[in-house]
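S.K.: Chain residues, written in single-letter form:
There are 2 protein chains.
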Amino acid sequence: MSPRIVQVRERILKHNDELARGMRRDFAAAGVFVVNLVSGPGAGKTELLTRTLSALLPDYRCAAVVGDLATENDARRLATSGAPVKQILTGTMCHLEADMVRQAIAGWDLAELDFLFIENVGNLVCPSSWDLGEDLRVLLFAVTEGEDKPLKYPTLIHTADIVVVNKMDLAAAVGFDLEAAMNNIQAARPGVETLRVSARSGMGLEQWLAYLKHRFAEKRDSAAQLSTAGA
Amino acid sequence: MSPRIVQVRERILKHNDELARGMRRDFAAAGVFVVNLVSGPGAGKTELLTRTLSALLPDYRCAAVVGDLATENDARRLATSGAPVKQILTGTMCHLEADMVRQAIAGWDLAELDFLFIENVGNLVCPSSWDLGEDLRVLLFAVTEGEDKPLKYPTLIHTADIVVVNKMDLAAAVGFDLEAAMNNIQAARPGVETLRVSARSGMGLEQWLAYLKHRFAEKRDSAAQLSTAGA
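Protein sequence lines correspond, in order, to chains A and B.
Using the numbering used here, the letters of the first sequence correspond one by one to residues 1 to 231.
Using the numbering used here, the letters of the second sequence correspond one by one to residues 1001 to 1231.
FYI, nobody ran anything at the bench for these hints, they're computed from the structure.
Beta carbons: idealized from backbone N, C-alpha and C, even for Gly.
Treat the hints with caution; some may be incorrect.
Label-pair ranges, simulated between beta-carbon atoms [claimed, not checked]: (1) B/Gly1107 x A/His158: 29 to 37 angstroms; (2) B/Pro1190 x A/Gly31: 48 to 56 angstroms; (3) A/Gly175 x B/Glu1193: 25 to 33 angstroms; (4) A/Arg76 x B/Thr1092: 27 to 35 angstroms; (5) A/Ala173 x B/Ala1187: 52 to 60 angstroms; (6) B/Arg1025 x A/Pro190: 22 to 30 angstroms; (7) B/Arg1009 x A/Ala111: 50 to 58 angstroms; (8) A/Ala106 x B/Arg1009: 55 to 63 angstroms; (9) A/Arg4 x B/Gln1103: 16 to 24 angstroms.
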């Protein structure tokens, strides 16, 4: 890349970072836990999120925004859960930016939410640089993508808080080598947390939901402690 | 995107287009047919290309370059075919650019080649804007990605010459709706040619190879006619 475009890109990224920091403060003040789901195209973000929303909704107030270049397909699928959903259309853009999320949620009262899920554009490279103010960045791999993606696409795994391996129900059919995949994940990002699920069969979803609830409670507790300490 | 970054990006793209045009002239002069393979991560570009190289090599002189952010895994896999292969490491870049290809092939005598294959970075968005001087842009979808990717990622399909649906051996296991997928492909890009293959099982590879050979012969014939007309 030319020094010129690097320079301009860095200014844009810096602006995004500042905006995302402000959003993170707003999310914290409202007590909403924000999850950014990233993966390549077709790894199963929408299916996992639809099931997650359905499972959480009886006990938690949830909403979702979803980014795609075109179509409202994913928003329609997510809305079947009963949660409020907004589609962000990015046109030719390969990732979501903080300002797109800010505009999409502008009409929502964040204090009325426990969880806000952001489903990013399907892309294993570009979303890595764009902070959306989230509390948790979840990177989804699908067994159908093969075992070596963590090594070949290092930028996104470097910024992820947890790696979820999806479509485990297809592992045998595609000859997926789970041990090799897990070794590659740990080689790319030593110590990163991992979960194995099948959004379709339901395998591992209990652990996934427990993880989300735990992270949500942790944030609430630390906010409560801070407010007690300040009182 | 800010007007400033759009402006700088357009200048970079224009420079890439000029370089690609020059490369296309060089490829034509040398009589090499150049194929740019694009898809999301894990759709099976490397597997299809390895089998393609092995099948063509007895009768055609082939070489390949492959782009990844990190690792030489794909170059190693492709080299098992016996073809000369160069790995391009893009670092944090989400696509190949003409200049990366130019540098990678600098040591090769193009006149000694019939086919040059370029395997792009796995990304369904970004490679669309970057002309590599190729004769043929092949867009690969995998049945494991679902039926709606042609609609959700329109930019790449708009620039593709042919759409190849891969992993057909897994269609039943993932409940792939072929008719819906084909309708979506035609809706996104009316009239575009399509093929259905399984690089793993070998299904459809005969048609794929016949298509490549036909396109190669077409280019040779039209070059011969031009040179006769000019004589």
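S.K.: Each hint: holds or not?
M.R.: Status of the hints after comparison with the structure:
Range check, B/Gly1107 to A/His158: about 33 angstroms between beta-carbon atoms, so the 29 to 37 angstroms window is met. Taking the beta carbon of each, B/Pro1190 and A/Gly31 are about 49 angstroms apart, inside 48 to 56 angstroms as hinted. For the pair A/Gly175 and B/Glu1193, the supplied restraint of 25 to 33 angstroms holds, since their beta-carbon distance comes to about 30 angstroms. Distance hint check for A/Arg76 and B/Thr1092: the Cβ-Cβ separation is about 34 angstroms, which falls inside the suggested range of 27 to 35 angstroms.
Range check, A/Ala173 to B/Ala1187: about 29 angstroms between beta-carbon atoms, so the 52 to 60 angstroms window is missed. The hinted window of 22 to 30 angstroms between B/Arg1025 and A/Pro190 is violated, with their beta carbons roughly 48 angstroms apart. Between B/Arg1009 and A/Ala111 the Cβ separation comes to about 39 angstroms, which falls outside the hinted range of 50 to 58 angstroms. A C-beta distance of roughly 28 angstroms is found between A/Ala106 and B/Arg1009, which places it outside the suggested range of 55 to 63 angstroms.
Take A/Arg4 and B/Gln1103: their Cβ atoms lie about 20 angstroms apart, and the range 16 to 24 angstroms holds.
When the structure is compared with the earlier hints, violations turn up for hints 5, 6, 7 and 8 and for no others.
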